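*Asks:* Chains A and B, in that order, give the protein sequences. The first sequence: position 156 = 155 (numbering that gives the first Met the number 0), numbered continuously. The second sequence: position 11 = 10 (numbering that gives the first Met the number 0), numbered continuously.
The reader is advised that the hints may include incorrect statements.
In silico DSSO-like pairs for lysine-lysine, Cα to Cα no more than 27 Å straight-line [what the hints assert, rightly or not]:
1. B:145 to A:69
2. A:150 to B:117
3. A:109 to B:150
4. B:109 to A:150
5. B:145 to B:237
6. A:117 to B:145
7. A:9 to B:100
8. B:150 to A:69
9. A:145 to B:9
10. A:69 to B:100
11. A:9 to B:69
The set of hints was computed from the structure by calculation and includes no laboratory data. Small disclaimer: the values here were computed from a predicted structure and weren't measured.
Protein chains: 2
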Amino acid sequence: MRFGLFCSPKADRPGFGPETGQGFFEYLDFNVEAEALGFHSSFSVEHHFSGWNQVSSTLMLLAALAMRTKTLRLGTAVIVPPWHNPVLLAEEVATLDLLSKGRLDLGIGKGYRHSEFKGFQVAPEEAEARFEEALEMMTRAWTTRKRFSHKGRFWHFEDIVVEPPPAQTPYPPLWVAAGNPHSIKRAAARGFNLILDQYASPATLGERIAIYSAEREANGLTFDPMQVAVARQLYVAKDAADKEAALVRQAEYTKRTVDVSRDPAAKTGSHVLAYADRKGATEENALYGTPVELARMIEALHDAGVAYVLLTIAGGVDQLRRFARDIMPTFTLDATVRAAE
Amino acid sequence: MRFGLFCSPKADRPGFGPETGQGFFEYLDFNVEAEALGFHSSFSVEHHFSGWNQVSSTLMLLAALAMRTKTLRLGTAVIVPPWHNPVLLAEEVATLDLLSKGRLDLGIGKGYRHSEFKGFQVAPEEAEARFEEALEMMTRAWTTRKRFSHKGRFWHFEDIVVEPPPAQTPYPPLWVAAGNPHSIKRAAARGFNLILDQYASPATLGERIAIYSAEREANGLTFDPMQVAVARQLYVAKDAADKEAALVRQAEYTKRTVDVSRDPAAKTGSHVLAYADRKGATEENALYGTPVELARMIEALHDAGVAYVLLTIAGGVDQLRRFARDIMPTFTLDATVRAAE
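Pulled out of the complex, with its shape left as it was, chain A reads as follows (with noise of 0.2 Å):
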């Protein structure tokens, strides 16, 4: 197995206001030291207009992470294509995709925030089409070295050459996040990579992927379970009460999130969101527990098949440090034991 990283950086941090950036500075070293410690990757969140400085610019932040780490894969989860300009953004990416000598993946949605849609002046009910229209206007945009024009629904841009073209061939790859059978077979024909919710039991997780894994082989494209990405949060607790204040904690935050997404007309959330609104659903699959406790739910989402875990820690660097030492060479250790068989 592999583990990366789910992070939401802020420019603040308590006692720094957000013109110190210092939230920033301890994600990039709080990233640096996850390298060293053998993590995978690092995703990070873009948000806008949230009002608690959360990151707007994530190509920003990682191409300064670029500078400072060489193995890590840097991802976005996930960038919305219908906020930007898609000639603009392929741009951005390609540049990261050099810097980073090809550690990029780019996760892309269609956008949930109500507070982003209003901001912005998008309509809900354009975001698929404007997703469609940029995600085809960037990927052209990226395998095209030759000059060519563009006249869509959304956008209008005429004899252009988009430069620089990105290190990856022929791109970086895509990253979707999908949880019902429509949008998991959808992602698999369309071979983008799957980002799978951190509320979903081992047992839906396995359906997903052994759906996605059919779908993608009915596509005639290979199946590896490194494209599916399954996001966890994680808090390496002491004993049974750390545990509990340490989920207290987390379901503030959750709450947080969901009020701003949602439309406050709106009677009920998005689908996405119904995850974080069902009661318990932390509790039940986030990894929360003591080492021993940890170790037996990752083994359960191993036997489910899955591959690649996307690890949220709150907690900051103490807790990457315990996860690495104390839970993690069970399993990365595993797969290159598997691997030389």
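Use these hints to put chain B onto chain A, whose structure you have.
*Replies:* Relative to chain A, chain B alone:
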């Protein structure tokens, strides 16, 4: 006096295709060495669709450079806001300002290349209005920590707070290129720093700096000679023949830039480019010559009131070192002595 660099990074290098990013890595190394040699700043162009792998995501490249330097000021010369979503650009600028700990100098312009107006499908006659709206939007974004809305001619945003804030207060220095008295006065009145072009003679530069400083003071703004950067092409020649050969190479490069900038249907270039078209413009005022000749030319700039020169160094790192070793100390030492008086 202080010296900075004016760079035109490219992704490729002879023998290395653009997909290697080798040109970007050499640009980074070049600037790391420039910092060590005592250069004050490095400004880079941003261009799109040129067809010769010019940097298109300058802020990304500067984010990488920020990680590899400590004191170097990081500049754009120039980013064209009319190509960008002003909110996303404000976010990127602020993120870079944080990552560099307040070292960003933001050069902005209205655009001049026909190929970029056509590519982005921006009408040249809208350039000024787009520039003004973007500037208003960005400065508001950088200085407003409460939510606001913006409904302009080109952009509409609702209930947003743009994060993160920049490190510098109230925001990074804004630089504009200007040549005629009207545009210089306008830049001065608005508190913009000034970039003067590479073709103007010392006498002309002196007049322009006088106009600028007088207008700043008329508007109640202090004047500091470091608010005016003068662009110069540099070649430290061994002898007269070496200098002539370098001038021939430079003329070919200039022609390519002029060609891509001009509307093929138009009879004349823009006023900015008129300088480059004029025969002998480079020969007259570029810093091409032996160390003795160069020292005399820089002394003339100094006497005209120029305190800050941005050098375009075509000849690579050897030229950088020769300038820093043989010429720069005379003038930077001079400044130190003056400051001590």
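*Asks:* With reference to the structure, classify each hint as holding or not holding.
*Replies:* Checked hints:
no. : hint           : result
1   : B:145 to A:69  : violated, 39 Å
2   : A:150 to B:117 : holds, 13 Å
3   : A:109 to B:150 : holds, 24 Å
4   : B:109 to A:150 : holds, 24 Å
5   : B:145 to B:237 : violated, 59 Å
6   : A:117 to B:145 : holds, 16 Å
7   : A:9 to B:100   : holds, 16 Å
8   : B:150 to A:69  : violated, 44 Å
9   : A:145 to B:9   : holds, 17 Å
10  : A:69 to B:100  : holds, 23 Å
11  : A:9 to B:69    : holds, 22 Å
The earlier numbered hints that this structure contradicts are 1, 5, 8.
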